[in-house]
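Chemist: When we follow this note's numbering, the leftmost residue of the sequence shown carries the number 3, and every step to the right adds one.
There may be inaccurate statements among the hints.
Stated by the list, open to error - Here are the in silico distance ranges between beta carbons for each label pair:
hint, residue 1, residue 2, range
1, I654, L610, 52 to 62 Å
2, E408, I495, 34 to 44 Å
3, I674, T1058, 50 to 60 Å
4, I334, R438, 53 to 63 Å
5, W213, E408, 36 to 46 Å
What the hints assert, rightly or not - With a cut-off of at most 30 Å between alpha-carbon atoms, the simulated DSSO-like pairs for lysine-lysine come out as follows:
hint, residue 1, residue 2
6, K625, K592
7, K886, K973
8, K625, K573
9, K313, K223
10, K592, K558
11, K1019, K1065
12, K1055, K995
13, K961, K995
14, K719, K687
15, K1055, K961
16, K938, K794
17, K1014, K961
18, K1014, K995
19, K1050, K938
20, K995, K1065
21, K592, K436
22, K1014, K973
23, K719, K794
24, K719, K640
25, K625, K687
26, K647, K558
27, K1050, K973
28, K687, K640
29, K573, K794
30, K687, K596
No lab work stands behind these hints: they were computed from the structure.
For glycine and all other residues, C-beta sits at the position ideal for the given N, C-alpha and C.
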Amino acid sequence: MGLEIILNPPMALPPLQQGQGSIGELLLLFLHIIALGFLLVQHRSFLITVNPKQAMGILGLMASCGVLSAVPLVRTVPSLSPPFPFLAPLPILFAARWGIWPGAFVSLTGGLVSFLLTSHSPLYMFQQALFGALVGWLVTLEYTDELPRLLRLPRIAASLAAFLTWPLPFYIFLASLPLYYLAGGWQMPLVELAITFGPVFLEATLLDILWPPRKPLHPGKPSPFARSLTLRVSAYLVLFLLLVSFAFISVVSSLTTQTNLEVLLNTLDRDAQALASLTEDFLNRGREVAGNLALSLSREPPEQWSLILAKTCLTSSLVQSCLVAESNGSVIASYPPSLSLIDEEAQLLSSPQVPGEALFSGIYTLDGEPFVSALTSLPGNYWLMLRLPIARGTLAASFGNRKPEEAFLLDRRGRVIIPPSSPPLPEFPLNLEKARLLRSTERAFYSLLTEQGGWIVVRQPLPLGWQAVITAPYGAIVARVNALLVPFSGFLILVTISLTILAIAFSSRVASPLEELSQRALRLARGHLEESLILARDDEIGQLARALDRMRLTLKARLDDSYSLLRISQKALSVRDLERSMRLFLEGLKGLTKASGAGLALVDKSGLVLNFISYGGIWQEQKGERLSPQSRLVAMRKRPLLIGKAQEASPILRDTLREIGAKAAIGMPLLIGGRLKGVLWLTFKYPIDLTPSEMSLITAIAGQLSVMAENLGLLEKAERERLRLEAILNSTPDPILVLDELGRLAIVNPAAEEMLGIEAERILGLPLMEALRDQNWRGFVEQMNRSTTTIKGEITTIRGTVFHVWASPIIPSGDGAGASQMPQGWVIVLRDITPFKEAERSRTEMLEIVLHDLRSPLTLVQGYVKMLGQVGELNRQQQEIAGKMLRSLDHLTGLVNNFLDISRLETGLRVQLAPCWLRPIVEEAVEEMRDRAAEKSILLELRLPPEPCPFFGDRDFVKRAVINLLDNAIKYTPGPGQVTVSVEDAARFWVLKVQDTGIGIPQADQQRIFEKFYRVKSSEVIRVRGSGLGLALVKSVAERHRGRVWVKSEPGKGSTFYFAIPKARRPSGAEMQ
């Protein structure tokens, strides 16, 4: 047995193979069409939801499947099944991941190509289509239990679908077992299974790796198989019965085939012996006739030989013609007359002869009929030649068609002598060299499978190198096997159906009470605790039902107790006074437990009694003293103490219980985090015996009482703190607002109501902006939303009041790194600074008046000093004095201008916004300051981008700001030094950067250097003349242009100032103002 890969299958459609169109095949074809149609109709929604991308992908997979179904193909040699397209499953599996319809379409395309080229069977085409649909159904199962999850794996889905439908369905494999046994034993079916199932499994595994199965769209959805015990039992039983039936049929088929094969071989053995005997008899008769005729001729003169030859031919059915020839081949006498030697006879005449023995020639034909010539010697160097027709008489009748066997007589060259055919002496059609040897004795027995069919062959050697060959088709055995297997299989099917019906009935009988019990349990889960779960059965299911009903009663009792406890807790928690609340709780607990007395002792951290609350017959604990001995015993145990009978208690407890007339008691410690909060006692007038569940309930009550006592204590403390905080807020003169984590007003003190003109009752719970209705707060609120630290600022309200505002985030305290650092609210404190602002404004206005009046005399004096050199020549000392005066006047003039500019900007001076370019402004400022830098041996380095850096702004103010930054850098950079000026592109801003190698600025002063008149207090700064107004002007210019200014510096390492201004865009009307 070997493998054959077919790369060029025939493209013509040959006639249908024998056997197609049988009733069985038509029935299978009908069942396949019904199953395929059912799956497609059930999932017809795919035709509505398919998108163009999926449609194009399906068409591409259909084309690829059609090509791969044509080439390459693989099959066993010999084979009982059509060649298998081992690459065709790959596009089918890819399409099946989209669902049933794509898998069916793609596989149907491949099946159609296989139908046209190789299988020529419509059943094979629909088997392949059903395979694709089944794989698509399995890999898209939406259920989440174990079996569907397993079936969704492509390798499992593809293997199961192939087992059921294609390429070698189990029912076809089962029906073909006799053929497989005859063709090659168990080796052949195993090889064919490996050829067909192997590629399907490997390609599905590859798909599983490249395209993992998707998760179900509906997690938690169980399959019907998981929801029904009856279905599971029936399915497992049917599967078991099918496996058993499969095994039975396989074994019976094998044994029956083997038995019938042995019978057939024995029959063929006997027939072969009979044919060998007949053939030898034919040859012996020929020798006998030749000997008798030779004797007759030797007694007569040669002139009489023709008559003797004619008489022999006319009277003997064995001889058709004869002649006498000399050694040189010359014919002396013959009948019919004028005969001559043919090639085979001439060759026989020239061969060595043994006197008295007859020799036979090779087979030849005369007039389309096979003959053999017999040669014997005559006296006088003459030779007698008889021509014997083979395909006549008894020998011919013994060969030929022997239904269902067929017998052949072959010559030494393997040509068929009998039965005769046209043309005569054809080659024997079966090549026995490729046959499987079954048995070898005097005869050889073979099993041969070819494209035309399968045969059992026996070959019998004969004299003259002839062979008797008898062939019997596999069908002769298969028919006998099927005659037994068909009723046997029908019997197994009936047994399987009967057992399945019995299993369903039995499982339904078992599952029915379980389903009823399940339904009752579901109603119980919905709260119907009054419905009984008891079933009228005494078996295990009845016992289970009674056990569940006891659980129902216990649950109902516990729920009743829980409801009672809940009502007691609600009644106790409705009172905020700790003592009254505990007294209500104890009263309810006494009624719930049927106790005669209840007592609760609460203790402080040192173990002294804070309060003792009692109800009914119970002893007393003294406030401010230690617990009583019996309570200390419970506190030390830190677990409940159950005294079922007073006589079983310790002496102290026994005497105490006797004094109050109690027969039993329960003591429970109240613990919070392992810390003792108190002791709870319940006393009873009768002995008690609590179950573990009842004891657990009482323990849970004690735990709840502990938490309640703790919470009520915390509530009292919180109420005291709230009253204290409220008093503090009410007495604070500064407005205070408290926001929650959503930015809504939570607390407003009276000062805030008065100064902001709001009413707390109306605005509490509203967002801050909605409550205040003042747009001046918007910037501050946005800053709060972005910050997690304390912020401060100044806000002028719509009423004209100026507030200095501090906003501090409320950060919850927590342990460890996991504590949240996000604000859970804000505390906003306002300080009215309107009087200070008005005083500052008055002071500023006065300074403006003075400085404005001072600027004209300064200009005049500056002009006079410059004219001194024109009045007369000044000596060197006079020139130095004049120069110092000019520098002092320039400094004083700059101070006056800076102050007046800052004042104009702060008082709302309109900035003249127009298109400007930052690069030429920076270049002009650097050129103006280059001489001053050179005086101190400071290098001014300029790094500007190639573009002009457009922006909308006031050119004069921006240039003043750049000059002030350069002046500041030059002043505080000792020579020799360097000042680097650059402009960078930062998203929506142009950023001017002025970097120096000066003395640097301490971190503590960096936040204040942009305030008016502020200067760093250090020896290096004091030696440099300055007013503290230059950087304040820079800040005012940046803010008026909706930009900002900041600094990065370290003492001794220089400073870098950043001036950011928005890039060019059309300013709004508000910005123009």
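Chemist: Run every hint past the structure and note whether it holds.
Modeler: The hints, checked one at a time:
Judged by the Cβ atoms, the range 52 to 62 Å given for I654 and L610 is violated: they are separated by roughly 20 Å. Checked against the hint of 34 to 44 Å, the pair E408 and I495 passes, with Cβ atoms roughly 36 Å apart. In this structure, I674 and T1058 meet the distance hint of 50 to 60 Å, their C-beta atoms being roughly 58 Å apart. About 54 Å separates the C-beta atoms of I334 and R438, a value consistent with the hinted range of 53 to 63 Å.
At about 56 Å, the CB distance of W213 to E408 disagrees with the hint of 36 to 46 Å. A C-alpha spacing of about 23 Å is found between K625 and K592, which places the hinted pair at or below 30 Å, so the restraint holds. Between the alpha carbons of K886 and K973 the distance comes to roughly 17 Å, so the proposed pair stays at or under 30 Å and holds. Pair hint K625 plus K573 holds up; C-alpha atoms about 26 Å apart against a cutoff of 30 Å.
Taking the CA atoms of K313 and K223, the gap is about 102 Å. The hint is violated against a cut of 30 Å. Under the criterion of a C-alpha separation no larger than 30 Å, the hint pairing K592 with K558 is consistent with the structure, at around 20 Å. Annotation: proposed proximity of K1019 to K1065 is violated, straight-line Cα distance about 37 Å (limit 30 Å). Restraint check: the Cα-Cα separation between K1055 and K995 comes to about 16 Å, which is no more than 30 Å; the hinted pair holds.
Between K961 and K995 the alpha-carbon distance is near 14 Å, which keeps this suggested pair within the 30 Å criterion. Under the criterion of a C-alpha separation no larger than 30 Å, the hint pairing K719 with K687 is inconsistent with the structure, at around 39 Å. Among the hinted pairs, K1055 with K961 is consistent with the structure: their alpha-carbon atoms are about 27 Å apart, no more than 30 Å. Our distance criterion of 30 Å between C-alpha atoms is broken by K938 and K794, whose separation comes to about 41 Å.
A threshold of 30 Å between alpha carbons decides the hint, and for K1014 with K961 the separation of about 19 Å falls inside it, so the pair holds. The straight-line distance between the Cα atoms of K1014 and K995 is roughly 22 Å, inside the 30 Å bound, and the hint therefore holds. Restraint check: the Cα-Cα separation between K1050 and K938 comes to about 23 Å, which is no more than 30 Å; the hinted pair holds. Between K995 and K1065, the direct Cα distance comes to roughly 16 Å. Compliance with the 30 Å bound is thereby established for this hinted pair.
For the suggested pair K592 and K436, the alpha carbons sit about 102 Å apart, so the restraint of at most 30 Å is broken. Only pairs whose Cα atoms come within 30 Å are accepted, and K1014 paired with K973 is accepted, the gap being roughly 18 Å. Our distance criterion of 30 Å between C-alpha atoms is broken by K719 and K794, whose separation comes to about 33 Å. Distance restraint check for K719 and K640: the Cα-Cα separation of roughly 27 Å lies within the 30 Å cut-off, and the hinted pair is therefore satisfied.
Between K625 and K687, the direct Cα distance comes to roughly 27 Å. Compliance with the 30 Å bound is thereby established for this hinted pair. For the proposed pair K647 and K558, the alpha carbon gap of about 28 Å is at most 30 Å, so the pair holds. With a C-alpha separation of about 17 Å, the suggested pairing of K1050 with K973 holds against the 30 Å cut-off. Taking the CA atoms of K687 and K640, the gap is about 25 Å. The hint holds against a cut of 30 Å.
Straight-line distance between C-alpha atoms of K573 and K794 comes to about 48 Å, which puts the hinted pair past the 30 Å bound. Of the pairs offered as hints, the one joining K687 and K596 holds, with about 9 Å between alpha carbons and a cut-off of 30 Å not exceeded.
In this structure, the hints that do not hold are numbers 1, 5, 9, 11, 14, 16, 21, 23, 29, in rising order.
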